[in-house]
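Undergrad: Here the protein sequences come in this chain order: D and C. For the first sequence, full-length UniProt numbering gives the first residue as 1, with consecutive numbering after it. For the second sequence, full-length UniProt numbering gives the first residue as 1, with consecutive numbering after it.
Worth double-checking, as some hints may not be accurate.
A pair holds if it fits inside one copy or across any two, identical chains being indistinguishable in the list.
[Stated by the list, open to error] Taking lysine to aspartate or glutamate and the DMTMM-like style, the derived pairs with C-alpha atoms no more than 25 Å apart in a straight line are: (1) Lys-144 with Asp-6; (2) Lys-121 with Asp-6; (3) Lys-122 with Glu-91; (4) Lys-185 with Asp-298; (5) Lys-308 with Glu-91.
Hints are computed from structural coordinates only; laboratory data are not their basis.
What follows is the residue order along each chain.
Protein chains: 2
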Amino acid sequence: MATIKDIAREAQVSISTVSFAINGTGPVAPETKKRIMEVIERLNYHPSSAARGLVTRMTNNICLYVPHPKSNIFTFHGNNLINDMLQGIGESIDEKDYNLLLAWEQPGSETDAKIMSLVNKKAIDGILFFNPTHNFKPIYELIKQKFPFVFMGRFFDNEPIDIVDIDNFDAGYRNTVHLIKLGHKNIGFISPGPLNYLVAGDRFEGYQEALRDHNIRYNEHYFYLGDNREASGYSALETFLKLKEPPTAVVAGRDIQAVGMLQYAQENGILVPEDIAIVSFENSQLAELHDITSIRTDLYRIGREAAKLLLQAIGRRKERQTQNIIIPSDIVIRRSCGSVLNPE
Amino acid sequence: MATIKDIAREAQVSISTVSFAINGTGPVAPETKKRIMEVIERLNYHPSSAARGLVTRMTNNICLYVPHPKSNIFTFHGNNLINDMLQGIGESIDEKDYNLLLAWEQPGSETDAKIMSLVNKKAIDGILFFNPTHNFKPIYELIKQKFPFVFMGRFFDNEPIDIVDIDNFDAGYRNTVHLIKLGHKNIGFISPGPLNYLVAGDRFEGYQEALRDHNIRYNEHYFYLGDNREASGYSALETFLKLKEPPTAVVAGRDIQAVGMLQYAQENGILVPEDIAIVSFENSQLAELHDITSIRTDLYRIGREAAKLLLQAIGRRKERQTQNIIIPSDIVIRRSCGSVLNPE
DNA sequence: CTGAAAGCGCTAACAC
DNA sequence: GTGTTAGCGCTTTCAG
Numbered sequence: 001m002a003t004i005k006d007i008a009r010e011a012q013v014s015i016s017t018v019s020f021a022i023n024g025t026g027p028v029a030p031e032t033k034k035r036i037m038e039v040i041e042r043l044n045y046h047p048s049s050a051a052r053g054l055v056t057r058m059t060n061n062i063c064l065y066v067p068h069p070k071s072n073i074f075t076f077h078g079n080n081l082i083n084d085m086l087q088g089i090g091e092s093i094d095e096k097d098y099n100l101l102l103a104w105e106q107p108g109s110e111t112d113a114k115i116m117s118l119v120n121k122k123a124i125d126g127i128l129f130f131n132p133t134h135n136f137k138p139i140y141e142l143i144k145q146k147f148p149f150v151f152m153g154r155f156f157d158n159e160p161i162d163i164v165d166i167d168n169f170d171a172g173y174r175n176t177v178h179l180i181k182l183g184h185k186n187i188g189f190i191s192p193g194p195l196n197y198l199v200a201g202d203r204f205e206g207y208q209e210a211l212r213d214h215n216i217r218y219n220e221h222y223f224y225l226g227d228n229r230e231a232s233g234y235s236a237l238e239t240f241l242k243l244k245e246p247p248t249a250v251v252a253g254r255d256i257q258a259v260g261m262l263q264y265a266q267e268n269g270i271l272v273p274e275d276i277a278i279v280s281f282e283n284s285q286l287a288e289l290h291d292i293t294s295i296r297t298d299l300y301r302i303g304r305e306a307a308k309l310l311l312q313a314i315g316r317r318k319e320r321q322t323q324n325i326i327i328p329s330d331i332v333i334r335r336s337c338g339s340v341l342n343p344e
Numbered sequence: 001m002a003t004i005k006d007i008a009r010e011a012q013v014s015i016s017t018v019s020f021a022i023n024g025t026g027p028v029a030p031e032t033k034k035r036i037m038e039v040i041e042r043l044n045y046h047p048s049s050a051a052r053g054l055v056t057r058m059t060n061n062i063c064l065y066v067p068h069p070k071s072n073i074f075t076f077h078g079n080n081l082i083n084d085m086l087q088g089i090g091e092s093i094d095e096k097d098y099n100l101l102l103a104w105e106q107p108g109s110e111t112d113a114k115i116m117s118l119v120n121k122k123a124i125d126g127i128l129f130f131n132p133t134h135n136f137k138p139i140y141e142l143i144k145q146k147f148p149f150v151f152m153g154r155f156f157d158n159e160p161i162d163i164v165d166i167d168n169f170d171a172g173y174r175n176t177v178h179l180i181k182l183g184h185k186n187i188g189f190i191s192p193g194p195l196n197y198l199v200a201g202d203r204f205e206g207y208q209e210a211l212r213d214h215n216i217r218y219n220e221h222y223f224y225l226g227d228n229r230e231a232s233g234y235s236a237l238e239t240f241l242k243l244k245e246p247p248t249a250v251v252a253g254r255d256i257q258a259v260g261m262l263q264y265a266q267e268n269g270i271l272v273p274e275d276i277a278i279v280s281f282e283n284s285q286l287a288e289l290h291d292i293t294s295i296r297t298d299l300y301r302i303g304r305e306a307a308k309l310l311l312q313a314i315g316r317r318k319e320r321q322t323q324n325i326i327i328p329s330d331i332v333i334r335r336s337c338g339s340v341l342n343p344e
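Work the whole structure out from these sequences, hints included.
TA: Quick look at the structure:
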């Protein structure tokens with residue numbers, strides 16, 4: 001393997017000149033540079049990232065820190081959306097020639113062992129957090145160390161940190177308003193998961209706010225705590241329809257729940273959207289497959305913006321204003337909500 | 001940040017002793033070691049991976065090299081399965097304290113620019129290839145350089161390389177035999193994609209071989225070239241049923257195609273499995289949702305074995321026998337095939 | 001514009 | 001068992 005020394009010798013210059021030529025960090029005469037570049041090409045030379053990293057203290061690696069793959073949360077946004085996010089991240093990091101390291105904690109190990117190890121041993125320059133839960137210890141340590149990171153998804157503490165997120169509150173609000181505009185007053189809500197997950201909590205609050213804004217009283221019997229299984233949508237609808245005054249529309253917390261509702265409806269001769277209108281979140285393949293109106297999350301843009309922001313933060317290590325970027329999402333109207341109207 | 005020098009000074013030993021103590025690469029007196037470890041703990045010292053990498057020529061990073069996220073191929077095996085694979089990889093690399101770098105080529109860039117750059121600049125110690133297409137240039141360069149890598153999925157050349165794969169031929173064979181055993185003789189086959197993708201080609205060959213083994217003549221009208229969209233299953237069934245002698249069973253190339261078939265069947269009053277039996281591949285969420293018999297691919301084991309193999313290869317850089325590990329897959333019987341019999 | 005030289009933090013001979 | 005020392009391949013003052 002050729003080293004910078006070989007290049008210097010072959011090009012008849014010193015190694016510092018070679019370094020200047022490669023990095024543009026010092027003046028080099030055009031012909032000298034040309035000669036150097038030729039030798040580099042000829043010897044197929046590539047600077048060693050370890051050697052470079054040792055002196056620059058940069059690795060050109062960022063870490064995408066995700067929940068454990070086995071976790072349901074990992075597929076929270078529907079699967080193909082993760083691909084979208086990766087694509088967005090990829091585009092941003094490619095521009096600056098950064099690499100992407102993927103990491104998560106093994107269940108049973110310390111909750112932040114992996115990520116702090118990566119930070120401590122200086123294997124990464126920054127972190128992209130993609131973790132819908134907010135209970136997050138390492139954050140504070142990282143803030144203290146001034147280690148660059150960006151949060152994808154809301155983080156409810158008021159620490160000044162970089163965040164890129166969709167507005168789940170807004171999504172819940174718009175889904176609900178959409179139903180209200182269609183004339184519904186009795187509107188059920190299935191939470192996508194425990195309300196202490198911000199995604200779920202925010203959507204629920206958006207739902208409530210929409211009701212308030214339209215002078216509809218929130219009925220606690222119209223709330224059903226769901227999870228990531230079809231069955232939770234199924235039993236939600238079952239439960240709702242047993243009420244004396246059942247809802248005429250439901251905001252499903254996620255597409256798979258909407259599918260469960262569809263299942264129950266079909267088995268029991270209930271018509272969608274005639275008897276019960278449904279809107280959902282995620283706009284996954286399932287929504288498309290079953291003609292379910294659903295909120296589309298632009299994870300591509302989230303990924304791209306978050307990575308861009310992180311690279312900026314890495315670039316200027318000085319104090320800088322933290323940013324809070326909200327990526328808008330839109331509602332994809334399909335059959336299940338009983339309208340082809342556009343919302344608002 | 002504490003360095004090895006600080007530790008040496010505080011522990012009143014030389015830096016080599018510290019190094020020996022940390023890595024176990026030299027004899028250190030128990031009390032000395034204890035003292036050193038205490039200082040390390042106290043100063044929260046972590047060896048710099050760049051410095052270490054510079055001398056050991058190891059990065060402790062491996063690269064999972066995948067198709068572009070936008071590519072359909074990326075979701076070929078169904079999405080949650082990718083998670084399974086990641087989990088498997090994660091378990092293996094955690095044991096040896098390795099990190100996972102995720103990389104793919106941006107469309108439009110050179111087909112192997114990213115991966116060869118990673119190799120050249122010595123940012124990784126080995127590569128896990130996950131790429132269903134076989135048209136793969138960098139392989140030969142890597143072989144020449146003796147750079148460690150493992151292929152997940154078949155590679156049809158006869159180069160001696162490490163491979164971990166499921167037996168798609170076997171899967172196609174077993175799906176077909178399952179239908180034959182149920183009494184079917186006219187069996188359609190929808191390819192999951194172009195036949196030059198080995199996944200598709202192998203499944204198709206398994207299908208053909210099963211027919212041959214049971215003295216059933218292959219009928220080319222029973223072949224339909226599908227893709228990754230529901231519509232291809234839909235039109236496949238439509239096409240098949242228009243034949244003078246339509247098939248009574250179909251091997252769908254992937255779950256989404258089976259769903260498309262179900263859709264067509266439902267719209268046209270065709271009963272599944274009574275009128276047409278269906279088996280498929282992937283065993284994705286869709287298969288579960290729609291009660292489709294499907295072949296389960298154990299991507300968890302593929303990931304785990306592949307990463308393990310790669311780490312072995314990285315460990316002993318000497319000549320070693322390449323391995324060819326086949327991970328068995330099994331068939332998950334559901335309603336769509338018209339049996340609860342176990343195959344074979 | 002170019003070169004000499006001092007490290008970056010660590011490992012691994014080699015000497016004692 | 002422990003210390004000394006020579007690098008690993010590169011960046012970056014600082015002179016000239």
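Undergrad: All hints are to be evaluated individually against the structure, with a verdict given for each.
TA: Going through the hints against the structure:
| no. | hint | result |
| --- | --- | --- |
| 1 | Lys-144 with Asp-6 | between (43 Å within a copy, 22 Å between copies) |
| 2 | Lys-121 with Asp-6 | between (30 Å within a copy, 16 Å between copies) |
| 3 | Lys-122 with Glu-91 | both (24 Å within a copy, 22 Å between copies) |
| 4 | Lys-185 with Asp-298 | neither (29 Å within a copy, 47 Å between copies) |
| 5 | Lys-308 with Glu-91 | within (9 Å within a copy, 30 Å between copies) |
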